[in-house]
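**Student:** Sequence:
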Amino acid sequence: GKVYSIDYISKDQALEKFSSENKDDPVIAGALKEIGENPLLSSLVVRANNQADYSQLAEEIGNKYKDDINNINYGKNKDVIEKLNKITSSAKKVGLILGIVFVAIAILITFNTIRLSLFVRRKEFDIMRLVGASNLYIKAPSIFEGIFYGVFASILAILAVVATAYTAMPMVIKGLITKDQIINFYLNNLLFIGGVILVVGLLIGIVSSMIAIKKYLKA
1 GKVYSIDYIS KDQALEKFSS ENKDDPVIAG ALKEIGENPL LSSLVVRANN
51 QADYSQLAEE IGNKYKDDIN NINYGKNKDV IEKLNKITSS AKKVGLILGI
101 VFVAIAILIT FNTIRLSLFV RRKEFDIMRL VGASNLYIKA PSIFEGIFYG
151 VFASILAILA VVATAYTAMP MVIKGLITKD QIINFYLNNL LFIGGVILVV
201 GLLIGIVSSM IAIKKYLKA
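Reading the sequence shown from the start, the letters are residues 1 to 219 in our numbering.
Source of the hints: derived by calculation from the structure; they are not laboratory data. The hints are all genuine.
List of simulated lysine to aspartate or glutamate pairs, EDC-like, C-alpha gap at most 20 Å:
hint	residue 1	residue 2
1	78	59
2	64	53
3	2	59
4	92	53
5	11	34
6	23	12
7	17	37
8	11	37
9	23	34
Put together the whole structure using the sequences plus the hints.
**Tutor:** Rendered as structure tokens:
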């Protein structure tokens with residue numbers, strides 16, 4: 001379905017939140033005291049699975065429950081939601097691109113490390129082939145080494161993406177979204193972003209080791 005969650009906010013909860021957010025504003029505090037009663041209404045906070053669904057949800061709810069609902073504030077927040085939609089979409093792409101770049105840099109170092117290791121062990125390979133060892137048997141340790149470096153590079157890349165989200169991204173999109181919202185976005189999408197980075201890291205690690213091996217062993 002389109003709906004991710006629905007939270008009920010009572011009048012008292014709304015007043016408590018409003019008072020907390022404006023505790024440093026003496027004008028608002030004075031106005032609330034002057035009124036003497038809770039001027040706020042209870043509400044339902046509807047969150048969509050996809051930000052593109054908010055418009056349709058607002059229309060459906062408005063048509064179906066128009067006699068029971070005092071106001072739907074989607075129209076007021078439409079521009080903000082659309083901006084956030086673009087920001088989160090861009091943030092996910094940036095996270096993936098940064099992750100892959102960091103993995104590529106780490107794997108480049110790994111590739112040279114494996115080549116150096118193979119160069120040092122080239123005489124060992126000749127001896128293993130003389131005693132009848134298959135190419136696969138000889139290649140296996142280096143392939144596993146490439147996998148290890150790929151996973152290690154992926155973990156470093158994921159940490160680098162998180163660090164970038166914590167430090168650089170808030171400066172880039174300052175004023176549109178808070179640092180906490182950016183961090184929460186990346187944490188909520190860490191499984192997807194981390195999974196893609198890990199798979200890319202594994203593939204690059206395996207391919208790098210195979211390319212490095214090819215120089216010293218015939219396929």
